[in-house]
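Participant: Just so you know, the sequences run in chain order A and B.
Here my numbering is used: the first residue of the first sequence is 1, the next is one more, and so on.
Here my numbering is used: the first residue of the second sequence is 1, the next is one more, and so on.
Hints are supplied without guarantee of correctness; some may be wrong.
Beta-carbon label-pair distances, calculated as ranges [to be verified]:
#1 A:12 / B:44: 24 to 30 Å
#2 B:70 / A:2: 29 to 35 Å
#3 B:7 / A:79: 36 to 42 Å
#4 A:84 / B:58: 30 to 36 Å
One side only, chain B facing chain A, incomplete, derived with CB under 10 Å [stated by the list, open to error]:
#5 3
#6 6
#7 33
#8 44
#9 45
#10 47
#11 56
#12 57
#13 91
#14 96
#15 101
#16 102
#17 108
In silico DSS-like cross-links for lysine-lysine, where the CA-CA straight-line distance does not exceed 25 Å [unchecked claim]:
#18 B:57 / A:103
#19 A:22 / A:58
#20 A:22 / A:103
#21 A:69 / A:58
#22 A:49 / B:57
#23 A:77 / A:22
To be clear, the hints were calculated from the coordinates, so they are not data collected in a lab.
Quick caveat, the model's predicted, so the values are computed rather than measured.
Using N, Cα and C, we set each Cβ at its ideal position, and we do this for glycine too.
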Amino acid sequence: AQSVAQPEDQVNVAEGNPLTVKCTYSVSGNPYLFWYVQYPNRGLQFLLKYITGDNLVKGSYGFEAEFNKSQTSFHLKKPSALVSDSALYFCAVRALTTDSWGKFQFGAGTQVVVTP
Amino acid sequence: KAGVTQTPRYLIKTRGQQVTLSCSPISGHRSVSWYQQTPGQGLQFLFEYFSETQRNKGNFPGRFSGRQFSNSRSEMNVSTLELGDSALYLCASSSPGTATDTQYFGPGTRLTVL
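Based on the provided sequences and hints, a complete structural model is requested.
Facilitator: Quick look at the structure:
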């Protein structure tokens, strides 16, 4: 079975400060890891993903994430947060085996609030 | 490339009725997944279809069903609606098993059951 944990329901940060949203996962097989963002009454927007290769992945809007295999983590980061980054963030994992793939498993989401 | 489209965007139904939601994936994507999103339960996986076959299924009652057509378009049906079915229903398409595997989401259908 696969699972994703986002340990913080909400992250509060002042504009201009670094932002980190935490994610840990458990999966059998090779993980594909993703981050999505959702603004109110909208669908989820893809930010970035890790498939293989460099552990540091850069994505949209200045976000990046670091894959840490030993800690089974994939934390989302942004060096300098903007008020417009206030949204709901989801981490997701999909396990791949040699001949198949599992469903996308999403975390519970972390609400990010950036104050001016 | 056009994104994932969902119709209708808003629906109001009464208890006991049934509803059908539609999803058109990104061109070339053969997988369509459906999710239910509510404030209390978060994002819940319903099912995934690939090449007209259900590949994965979540823990929802049999009132929730889906299908996929040969052009990859998908429909989701909910029969005998309950108040608790009020939610945002999201559809996502992808190309699983490839290096470009990423789910792209539609804007959702907001279902209200009265």
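Participant: All the hints need checking, so say for each whether the structure fits it.
Facilitator: Structure-based check of each hint:
no.	hint	verdict
1	A:12 / B:44: 24 to 30 Å	holds, 27 Å
2	B:70 / A:2: 29 to 35 Å	holds, 30 Å
3	B:7 / A:79: 36 to 42 Å	holds, 40 Å
4	A:84 / B:58: 30 to 36 Å	holds, 33 Å
5	3	holds, 9 Å
6	6	holds, 8 Å
7	33	holds, 6 Å
8	44	holds, 9 Å
9	45	holds, 6 Å
10	47	holds, 9 Å
11	56	holds, 4 Å
12	57	holds, 8 Å
13	91	holds, 8 Å
14	96	holds, 5 Å
15	101	holds, 6 Å
16	102	holds, 6 Å
17	108	holds, 5 Å
18	B:57 / A:103	holds, 8 Å
19	A:22 / A:58	holds, 16 Å
20	A:22 / A:103	holds, 21 Å
21	A:69 / A:58	holds, 17 Å
22	A:49 / B:57	holds, 23 Å
23	A:77 / A:22	holds, 9 Å
This entry satisfies every hint, going by the numbered hints stated previously.
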